[in-house]
Amino acid sequence: MRSGRFPILPRRAAAALALFVAAMLALPFFVNSYIVSVLVVVLFAAYFGQAWNIVTGFAGQLSLGHALYVGLGAYTSAALFTRYGLPPWIGMLAGIAVAALAGGIIAALSFRFRVGGVYFALLTIAFAEFTRILFDHFDGVGAASGLFLPVSSLARDDVLLLRGSPVMFYYLLLALTLGALALCHDLLRRRIGYYWQAIREDEEAAQALGIDVFRYKVAAMALSAAMTSVGGAFLAFYENNLYPDTVFAVGRSIEIITAPIIGGLGTLFGPILGAFVLTTLGEAMTSLSSGFTLNGLKQWCYGAALLLIVALQPAGLWPWLRARLGIGAVRR
Amino acid sequence: MSVPPLLEVRGLAKRFRGLQAVDGVSFAVPKGGIVALIGPNGAGKTTTFNLIAGVFAPDRGSVVLDGADITGLRPDRACHAGIGRTFQMVKPFGALTVLENVMVGAFKASADSGAVRQAALEILDRLGLAGKAGTVANSLTLPERKKLETARALATRPKILLLDEVMAGLRPTEIDAMVRTFADLSREMGLAILLTEHVMRAVMALSHHIVVLHHGQKICEGTPEQVSRDPRVLECYLGSAATAVGMG
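For the protein sequence lines, the chains are A and B, in the order given.
Using the numbering used here, read the first sequence as starting at -2 and increasing by one per residue.
Using the numbering used here, read the second sequence as starting at 16 and increasing by one per residue.
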């Protein structure tokens, strides 16, 4: 019987989730530092994908400029740390405020003037690019030559100042990803989650049911931007250097949206699964093609694999896997 | 009448480019009353609905619901004022289940997901959709989608329900069942209903009062009896040569 995916997680899904969390907690004890660094990349992709999934997967508003919020979060916390010695956790709060405001304003401007669909997507790219160029000339944060964080002694992990080993970042990002999963799970079961999905499916019908469509779309964008900025702050303290041309790059925006699309747009676990599949695929292609001297072989194989996944499972890998595992209802 | 009507539409007019879609239409729906808006295709029925529900603001005229002026109010505000509506071209939330669709409507009255779910289930039961609660809306048949439209609008607990051709595509026995459902809803909950319908079987069985539109203007109104005998109505529906034939 299809009973809908309703409030309580079905028992089997809860068991699968517990298994996943346990495996992720144990993993760093069994693998080398290279694998840990790959897993950090996986978790960044999973977290950014989850944040983007809120505005595009849940609320149906296509943003192609999420690098903007990564950059705002990264630069705000890094600049406050290097210039004023503010701990990153405080800088993160400032970054959240800046990104939520930016996302809210962009969404409000667009939706107030009824800019939607692909035109909204274009506008999000434009704002991200505009900000990239702005930061290229922003001397206060190093302009085009970059902003660097002091790489102090890495002898001991300092969680308060976010100075430490990849393993420390791995656990922090794991907590962040699981926190985002819990938040999304909760949101989808509340009025706001139902309203977002109604707006995604049909705006006119949603409005006729009393939904203030404008308000809920702006809220989705602001929340998504705020969450993205937190990931950006971690990225800054993990990589220790920031260049406008990489942080705000259009390529990053595209990277952010690939994992949730491959994993399953609008689903809860899709962004996480997509991040695992894509990053693993990318790494595998790199090591496989390392023996060859053919330029771009990795990108070719990577592209072909993506094409195959999209062609075979257009709704994403998670809905397919979920059905195989017998977790929750079969939808779509 | 000493009691003021629940919905009062006065001198409503709307022009699209060169077309006067609605031209000074006035009528009223009493509390608990069922009024049908009929007329040939292009008479202005759906435009009148859209003007009441706030899809666009009228050029002239006013809409008063339960003493409050709701003229030109945005659709979501009109809904909060007590207007529940269905769309002639159904607009289900396709990827959501039937139950989730109705819950979206029921969230207007409460933020408690459990209570909302219960309220939605009761409405589904009432409209004979309970067996489809877990079905994804995209896989429903057209008659089921029409019922879902109604269920969703009903879930917002409106003072008046605007039904835009919800009987189209239903079998005669299903039409009779829907007519009974609406009559019961109106009687038990004091719900007022304004409907447009081409299925005369439903119009005649359900309405207390009928308003006939033609080319955006009201040409007559009255009880089903009166309207079905009015020569102007027969003329606009069938042409002047066919005045001897009854409507049915």
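One or more hints might be untrue.
Partial selection, computed: residues in chain A whose CB lies under 8 angstroms from chain B [to be verified]: (1) ALA118; (2) LEU119; (3) TYR191; (4) GLN194.
Think of the hints as simulated: they come from the structure by calculation, not from any bench.
Idealized CB from N, CA, C, for every residue including glycine.
Does LEU119/A meet its interface restraint, that is, does its C-beta lie within less than 8 angstroms of any C-beta in chain B? Since chain B brings no Cβ nearer than about 25 angstroms to LEU119/A, farther than 8 angstroms, the hint is violated.
Interface hint check: GLN194/A, Cβ to nearest Cβ on chain B, cutoff 8 angstroms. Holds or violated? holds (6 angstroms)
Restraint check, 8 angstroms cut-off on beta carbons, for ALA118/A near chain B: Constraint on ALA118/A not satisfied, violated at 20 angstroms.
A closest beta-carbon separation below 8 angstroms is what the hint needs, so does TYR191/A meet it against chain B? TYR191/A check passes; min Cβ-Cβ to chain B is 5 angstroms, inside 8 angstroms.
Hint violations for this structure: numbers 1, 2, all remaining hints satisfied.
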